[in-house]
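Two chains, two frames, some hints: make the complex.
Residue strings, one per chain:
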Amino acid sequence: MNFKRIEIIFLVTFIAIDIFLFGMFEQNMSMQTENVSQGDSDSKIVKEMKDDQINVGSLSNKTSFAYYLSGTQNDTLRSQMGQLLNQTPHYVGHELDSEFKEPVTVSQNNPQSSIAKLMDNPTFVLYGDQYAYSKDLSTAKSIVFVQKAMNGLIYSTEAQVRFNLNANHQIVSYTQSYLQDVKSLREKSETISETRALIWLYQYNEIPNNTKVVWSKLAYTKLLSIDTDRVFIPTWVIAIKPQNSPQVQLKKINAFTGGIIKETNENLKNAQSISGDN
Amino acid sequence: MRFSKYIIPIALTIAVIVSLTLSVVIWTNPANYKNRQNSTQTTQTQAVTKPKRYVYSPTQAIHTDESGNQVILVNRLANSVAEVQKTMRGYQNVSLKTLSTKSEDKYFQIANRPNSIMLSYGSPVSMKIVNEITNKKFKKLPNHSVTRIVLPTDDSSKLYLLNDQNFAVYQVNVKKHSLKALNDVLKMNFRRVPASIQLLNGRPMVYVRNQLQLQPYKYLIDRQSEDYYVSRLLNNRESQSSTTVKRRKNLVTYSEQNNLQLAFDSKTRMGTFSDFRTNKDQRNVTSVLNDSYNQLVDLGLSLDSVRFFNYDTSTRTVMYRTFVEGFPIFRQNGFGTISSQILNSSAKRLKFTLDNPEVPIPTDQSYRTLPATETVIRRLVAHGYQQKAIKQLQLGYGWRRDKSSQLLINLIPDWYVNYQGHWRSYSLMINQY
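In order, the protein sequences belong to chains A and B. For the record, in the first sequence the residue sitting at position 99 is 99 according to our numbering, with numbers rising by one throughout. For the record, in the second sequence the residue sitting at position 379 is 657 according to our numbering, with numbers rising by one throughout.
Isolated chain B (complex conformation) (with noise of 0.2 Å):
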């Protein structure tokens, strides 16, 4: 009886106390509500537009077999990280452990797990974020920093996640599960690449062991009018005010209000959309990066094979490419196919290409070698270039334009280098010396 004296006012703090947080949720997220706004403007684009699971993906997978062998599976018919993915959908009573940070061994011994499959991302992402390639299941999981997921084939309750930056190791437990997919997934035709996984300058990289060969591309581009996003960024806000119209050789610029610019480089075919209304100045990877998503829906660019490379933390500028057959474009500049940055509380800034590889095209060029990566830091030094400041190694394919025709371009297989945090073609830097 005493008891149940207090069971009325207890119940009615609590309900109060979840009545207030509630609200206190809904009314400081304005964000909620600007979604519903687009959801009923974007309904004729949502088909083209990616999900986040297909922006924020892994952009590797390596193979370590039973006797530590490691291979980069390389796209063929299927997309090697996509079909890993596909199987990551439907984990159960997940939970977490973190066994090591900043022990390189403890690290290692994971990276390099026998029966196991790594998917890497090219820079950290958060916990947030891989939750969403694993269909929510992770959501309960603490928000740490993740750069690389393994994936062991013969062990069912449990994978590992990875974060460069600072050597941890976390593992996830989960319910027993079928691995049948998995390694089905190891059966189907991919190329395999021999690789490993070794240190530059102390932070962990893919070395691909030994020289190979790689298939130049030749693709018919999408050509964008500049019209298209000027409708999409600056018309259709709720402002009817009028947009001004600046040209200045090869640089047109639109204004709105002093709040927003879009200005388009015709020579480089270019777009860069400065927005100058205040924005929460947002510094973790989380809301950087789901923040910098939602100006990707609002571009409107067709997010075909896009998918995110790396997120700058100084720079807080996160950079999306097109890939192909699993390797990244790079533009002339270096530059992929959209970056958005976070300047200030007051300024982002959204880059993006007009021109945009969309369909294939046979082509007869022959394979391109390239050396392996030991080869290509040892040249670069060799040429004066100092081993320190080289900060990543990629496999990528430069954008050439083709002499026949505008409408097509080629794709020249090349190491990217990451130099002094510009990343520049192999060939190119070896060539100025």
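Only chain A is shown next, with the shape it has when bound in the complex (with noise of 0.2 Å):
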């Protein structure tokens, strides 16, 4: 009977190891495969900067796909300005200013809505159905229509119209640019979730202790210029704004590669070497 006792603590302990040997075995294939820990990692950034008094607002951690793509700029917009009705155009510099002769107007609380369904008139504004309205980049005053392409939205001051209204919810003038010809590059490619963008952005120490991150959004934003061709990339561009800042600042996160994008200054550089003769 003793000896059928020493057997079954055995059995139990042996039982205990084959468990144990095999939790750590499974833990080290686990390890072999890619992106494991890369979820926890997150998470605990998530909260490291909530304890920094970041405020993030939830994230989704969804990736998506998006292109390379280019645009041109041209003269399409003076050569069709002809056809615009109510208005005085002028064209300075690839942009279309228009002053309205009798301000249209507008919903009070849902400006964008009545000015939408404008959009497609192309004597009202030119090109009008390849623009979306933008929440984010609109204010009180100026209602901003971002240009569409490849299921995507282009945030950039070369393809929008900025329609600036007075006090009595009346549009009095806007201000169109347009990019012609906008095709991806190459096929497409994935892009890094919101939360990376945003862990990538802290990381990059840009993000302030006391911020509230107020939105973010996939978007493409030009990387450079050569000639008349644009070229955008898809960006996270995440709009934080400070404590004891009243200003909402723009940051641009390289959605491909997750490298930070500076501000126009490196653009310009990069532009100017690829043309120059280097």
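There could be a bad hint or two in this list.
[Stated by the list, open to error] What follows is a list of derived Cβ distance ranges for each label pair:
| no. | chain 1 | residue 1 | chain 2 | residue 2 | range |
| --- | --- | --- | --- | --- | --- |
| 1 | B | N413 | A | H169 | 40 to 46 Å |
| 2 | A | T157 | B | L355 | 26 to 32 Å |
| 3 | B | R367 | A | D97 | 49 to 55 Å |
| 4 | A | E48 | B | S503 | 27 to 33 Å |
| 5 | A | S43 | B | L355 | 30 to 36 Å |
| 6 | B | Y506 | A | P242 | 29 to 35 Å |
| 7 | A | E48 | B | Q491 | 51 to 57 Å |
[What the hints assert, rightly or not] Counterexamples of contact, computed for chain B against chain A with all Cβ distances above 10 Å:
| no. | residue |
| --- | --- |
| 8 | E382 |
| 9 | H455 |
| 10 | N461 |
| 11 | Q502 |
| 12 | R510 |
| 13 | S580 |
| 14 | A625 |
| 15 | D633 |
These aren't lab readings, by the way, just hints derived from the structure by calculation. As the structure is a prediction and not an experimental result, all values here were calculated from the model. Where is the CB? At the ideal position from N, CA and C, for every residue including glycine.
Written out as structure tokens, the structure is:
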């Protein structure tokens, strides 16, 4: 009987060892499969951000697909502006500035929905159907529509319509820029998720403590210009508002590589070195 | 009662054996521990590192319609192979049956199966690698070599695996599933290039039937600094030994303790990393490819659009190339983007390029017309090349520096010929005579 008891004790011990070893084995296996640990470290960093009083709101872990885009800046707006009615258009530096002879009254609460209806009319705004309302870029006095491209939106001053409103909820004028022949330069590739973008921005020390992340959006922004061609990349545009500042700042993260995109100076430099003789 | 007497001793024996086996498995696999260290260091770059299923994905998709006509699905807005691969992640009740080996008839019967999509590798990989791209659903299948995967678009309970080297045909039975996603891929906007599978010197190869036009590309390149690799490959090792630097002409060599050596050639913009520590001297495809992938991750070069191109068993070299619109890039010397080689049990070598294409740039260059595969072979033979020495033909892009800027390169479509074991540009081969 004693021997049997010893056997049982041994059996229990060995089963315990087996479970432990198997756990270790599984852990090692999962180490080899990519991205397993990433989910953990991501949530850890998000927590770290919250500890730094950074209000991030709810973040999405979803990745999506996007393209490298190109568009051409040309004078098509000038050649078409004859068909606009009830306005005096001026064409200056690839931009169409137009003032309405009779201000157009729009809805007080939802000016964008009134404008959106008018956008389909080519005598109101040229190529209006190629633009979509952007809540993030609009303010009470200025309603912004941005150009659509390949299931996405272009955030660039070279592809948008900005309507100026007066105090009586009327559009008095607008400024339009337009890129022609927007097309993909390469097959689609995967983009990083919103969470990742914020984490990288945080790790680049671009989000100060006590900051609120107001909004973030995946949009196309300009990478470089070559002559009349513009190259756009998918970008996480992240708007942050530090507590002690009244202004919203825009930060940009390259959605393919996760690299930070510094403001226009660098883009200019890039563009110059390409067209230069080097 | 008599039976229950044996239960405990038997259970005990089994428990002991299991614990011994697990201990051995864990102890003899030090790679596991190494990975754990890395995972904390590399969180920063993880998002850029591509998973194995990306790097080891097949590189060509061919559709055979119901009347047997075959076309290569060439990427336009989407990557054809990646789209097909997305539909391959949910197989259940997987089992394998060997239909035949060494039978060319059976091989071609499946390769030319009407209503199917065939995914091909540049050279055979193992089932364990195919398992990576099928969301690990093939892990229980025997580790055969596989060159092509045939997915019927009208039979949801079977798929086929082909090995070009011995004409083996395997049938994989899976639980019936919806084929809608797979058939939807065929409705996507791909360019369709008529093709057929034929034998070249006794090996199956995809022939392009008619002449075709391909667009040249211009790319902005990413010029990575040497320091980046020095810090990744040499300085982050545990040993804090000093690194010595030698300069001679256009060659800079960093070495550490005679174990590791990193050399950069400023003329060719190439890096060579030699590792003289003892390695496992692996020979089987699975471990070579797995080990090679780990080296890619350590190297930290952006793997965007970089895919496994081939594995040369004679030199034990794995080649990775950057793909543009589904076709690989060939540099001047036939090199791709990264190669890893096992020389012997105490030498491994990793070669990589410092300049890599990053952002496509609009170009107004006109399309280039390339001849059909038959024509290419005929012209090569007419120029005095031996047909027997032609191992493989491949559509690809040649790397040409742009005259206007160092940051730009032109990618020129061309045929590439594996002649006597080296990849050479067809247009150059023809012009030499």
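If any of the earlier hints don't hold here, list their numbers in rising order. 1 and 13
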